[in-house]
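> The listed protein sequences correspond, in order, to chains A, B and C.
Note that the first sequence covers residues 1 to 367 in our numbering.
Note that the second sequence covers residues 1001 to 1367 in our numbering.
Note that the third sequence covers residues 2001 to 2367 in our numbering.
Among the clues, some could well be false.
Think about it this way: if two alpha-carbon atoms lie no more than 20 Å apart in a straight line, the pair counts; the simulated EDC-like pairs of lysine to aspartate or glutamate are [to be verified]:
#: 1; chain 1: B; residue 1: K1290; chain 2: A; residue 2: E145
#: 2; chain 1: A; residue 1: K236; chain 2: A; residue 2: D248
#: 3; chain 1: A; residue 1: K251; chain 2: A; residue 2: E268
#: 4; chain 1: A; residue 1: K251; chain 2: A; residue 2: E266
#: 5; chain 1: C; residue 1: K2251; chain 2: C; residue 2: D2272
#: 6; chain 1: A; residue 1: K306; chain 2: A; residue 2: E266
#: 7; chain 1: A; residue 1: K290; chain 2: C; residue 2: E2145
#: 8; chain 1: C; residue 1: K2290; chain 2: B; residue 2: D1331
#: 9; chain 1: C; residue 1: K2312; chain 2: C; residue 2: E2332
No wet-lab data here; the hints were simulated from the structure.
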Amino acid sequence: MAAAAAAASARAALPRPHLALPSSARRSPSVSLAASPLPGLRGAASAAAPPELQVTTRLGDVIEAQQFDRAALSEIFEVAREMEAVERGSHGAPSRVLEGYLMATLFYEPSTRTRLSFEAAMRRLGGEVLTTENAREFSSAAKGETLEDTIRTVEGYSDIIVLRHFESGAARRAADTAIIPVINAGDGPGQHPTQALLDVYTIKREIGALDGIKLGLVGDLANGRTVRSLAYLIAKYQNIKIYFVSPDVVKMKDDIKDYLNSQGVEWEESSDLLEVASQCDVIYQTRIQKERFGERIDLYEAARGKYIVDKKVLDVLPKHAVIMHPLPRLDEITVDVDSDPRAAYFRQAKNGLYIRMALLKLLLVGH
Amino acid sequence: MAAAAAAASARAALPRPHLALPSSARRSPSVSLAASPLPGLRGAASAAAPPELQVTTRLGDVIEAQQFDRAALSEIFEVAREMEAVERGSHGAPSRVLEGYLMATLFYEPSTRTRLSFEAAMRRLGGEVLTTENAREFSSAAKGETLEDTIRTVEGYSDIIVLRHFESGAARRAADTAIIPVINAGDGPGQHPTQALLDVYTIKREIGALDGIKLGLVGDLANGRTVRSLAYLIAKYQNIKIYFVSPDVVKMKDDIKDYLNSQGVEWEESSDLLEVASQCDVIYQTRIQKERFGERIDLYEAARGKYIVDKKVLDVLPKHAVIMHPLPRLDEITVDVDSDPRAAYFRQAKNGLYIRMALLKLLLVGH
Amino acid sequence: MAAAAAAASARAALPRPHLALPSSARRSPSVSLAASPLPGLRGAASAAAPPELQVTTRLGDVIEAQQFDRAALSEIFEVAREMEAVERGSHGAPSRVLEGYLMATLFYEPSTRTRLSFEAAMRRLGGEVLTTENAREFSSAAKGETLEDTIRTVEGYSDIIVLRHFESGAARRAADTAIIPVINAGDGPGQHPTQALLDVYTIKREIGALDGIKLGLVGDLANGRTVRSLAYLIAKYQNIKIYFVSPDVVKMKDDIKDYLNSQGVEWEESSDLLEVASQCDVIYQTRIQKERFGERIDLYEAARGKYIVDKKVLDVLPKHAVIMHPLPRLDEITVDVDSDPRAAYFRQAKNGLYIRMALLKLLLVGH
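Next up, chain A with everything else stripped away, as it sits in the complex:
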């Protein structure tokens, strides 16, 4: 009988999600590095090899920071800016842009900050949310279901999937499986592209420009995926200068340095945070992660106390400059810094809302 074949072809005929990225990106797909300098893409980071261009798997998904070129970034930032007004209008005239759309937040590990940010973004646009905080227990009956099978089930219930996973590469596997759009909300040591986007957006929003920025990256530069992604993305702009300020044990790795060289981006290492702060537009502080040091608690204690952003840093920081941090913050920025107008980290977190609103709108209904 024809019913089975009809149903199957009906599935095949499902409309592809609206490809919302700018037409330039659609015609000539955005690029990524074969020798990817970003964490979690193991074996790919041959430091000496010149990065080659490579087509990103799919548009219509947000999988990795590398997929965005300047044009794509510009469009996302423009829409994010519009989202500030949309959010302000929530009480009087709430948006219905995503009315009738369902987002599934499929989280295999907890990340309440990121989850709430996505869910707030969906709600602020009039959309609805299906939440899964402990997707590891997707079924009480069997732990062994593949991610692909889970995705094919969840895509039947929703219009877009936001995936947080503990394995590098999981988001790409999900996107390769799903008919509906997938957004990577962090896949283990791999990518966290919406964090990278909100970081760049925050610089643009706070300083007013991206070309010509002087940026100090501070803290754990070896393991922090945020600073690595930020260095990668900011290299797309002109006349960038980057200072690396970190304890010796967690210095920025050669792959990123080589990439910056290949892009003509000026960079230098420094052990003088005050000197760097006095010359920068942006100080981007990060947390030293204890778990990276194993049993060497002594090394951890030495590293974490070495570069603290405090009042002394504020004293030398230019009036127009800002301090950023991906949060959560422990004591690498002292709390007496919070009240300074240049402390931008909570505004940065808020920008995550606007960036995610922009992405949801672009992926689901387009510009």
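Here the structure of chain A is known, so what remains is to put chains B and C in place on it, guided by the hints.
Chains B and C only, in chain A's frame:
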């Protein structure tokens, strides 16, 4: 003073939920088996005793597969079919059928698949959801609250309760307590009626008919509640033929065989999956559950590898036939089967959405 | 450049949330006790000191039972009464009063009853919800984030925060940090003001009055924050008589007794539950908490069995009187009491919905 009595009588006077099942069912309550052949109703399955008719406790709830007669199934399937169009219209013209209704998903054990399916169903109809994924921790203060007390509290906050529980019979206790409708989303080894409904609906949807179907049930037939419920429900139709294909240690039990005999349903056991597949309209594969074998890992390994649905099965399966599976799937269906149009298991999962939309609509606002 | 400073001043210029409490309260802030008699405010309960007046930190938040004077209670109860009609209209004409508003339920310990009640309240008014059931795992990366940092992040995503925390004083810290309103949904051994409000509201709703009430408090009076808050709030009314009925090991503490004396409230201790029940308008039963007895299981067993509300209590209880309980209930009220119209505890739980609807409306959009 009269206030207390007035409040109490106000409670008693609360309107009963709309009894949405068809008028025939309402007038003559649907029937179930005293000697219930379904799992979890222990002590009831005296194999030799002829099944007797018995009135189901309440309409207005969905508690067990046995409560549905052919007329009720027909109505549910008809509404489920309409729900496909409702879902397709979500973006342009989202349904407001359940606007202002609140569904509480009260889950005492995780079952993300089932929970998301219900929550998506509610949302697609314009309703709202209160989620409880870990109802075992209903209160941090006391673990000892009875299910009945919890239900009487939750019914004050919602319009319908979807209950997942680890104890057989919990759903019936909840329904006996609640004034608002209760849907059983699985109660331990007991019932999972919405799974049974979506299985039968999938056969009708994929093959186009239920009378005259040839059905191969494969895998763990002793413990799987889905195949037991399916065998029970399909027996309501004409000219059914069922093949049981399973390792010896997990053969279909006598209670179901006796019931099929009493209903005049033809069945046979076979150890030749290919022979069966060549003659069937539907192959319903199930997972061999490791936990049923205790320490006999050797028996488990032998059983799980015995009947695999793979390309060889596809080679002999009729063109119009389909392969079903309740999911999650481990390796009892090989992944190279997925791309065949006859692989119906993800469409089957999707049908769970339509069935649950139909039930929510029928229970809350009627036809 | 000016962008950073502009953004900072924009933040400072954010409108304060609408101060919804009555204008009298706004002009002359409501009062609390310096020598606070309520649990969790340690060191404050110097029994002999006459209570002094002290300005409550902020209006626009709901932090502790003491912040409400009679006028504030009256307004909240009036709005709560209106909410019954709003809820009844949910299906035909659902409220849109809080459309476009987002409530974040930030729960650091499970309390599903309280959480569902708040979330249902928000939904019944047309608002939306962001849920966090396990805020302790706010970030998988770092356990050490301060509550203040978490609040500053979450307030960027929502319009009101409902906080449940395991530490006494957490809600006040959150309110001192947040620009948006904060509601305390219980902070450890500290406060649970919405429970206190719903208790007083239930007396008014069931008995028809608050002045002149005779109230029997039964069970664990030493540790139960609900009975302590209730004694405190009811003392604001005229001609109150309170009976304390409790095992010796968990008697009402002197701070509350002294406070009642200072307010001219008549009270007495009794060991005869039946005698008390025959004279009361309200019997408020509470659970004896096992965890308070440590290894003295014998003392616990003796205490828990001593004062049970059962049919014998109903026999002597006046016709107009009611039995209340904050729930969950173990066996301190026998289940055969439930069907008596004077068993008010499930209606009391339901009143929690109306009180929370009223508070959300008052805090977010005013009267």
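> Each hint: holds or not?
Structure-based check of all given hints:
1. K1290(B) x E145(A): holds, 14 Å
2. K236(A) x D248(A): It is violated: about 27 Å lies between the C-alpha atoms, which goes past 20 Å.
3. K251(A) x E268(A): Given that 20 Å is the threshold and the Cα spacing comes to 12 Å, the pair holds.
4. K251(A) x E266(A): With Cα atoms ~17 Å apart, K251(A) and E266(A) stay inside 20 Å; holds.
5. K2251(C) x D2272(C): holds, 14 Å
6. K306(A) x E266(A): violated, 25 Å
7. K290(A) x E2145(C): Holds: K290(A) and E2145(C) sit about 14 Å apart, inside 20 Å.
8. K2290(C) x D1331(B): violated, 48 Å
9. K2312(C) x E2332(C): Since the Cα atoms of K2312(C) and E2332(C) sit roughly 13 Å apart, the hinted pair holds (cutoff 20 Å).
Hints 2, 6, 8 from the earlier list are contradicted by this structure; the remaining hints agree with it.
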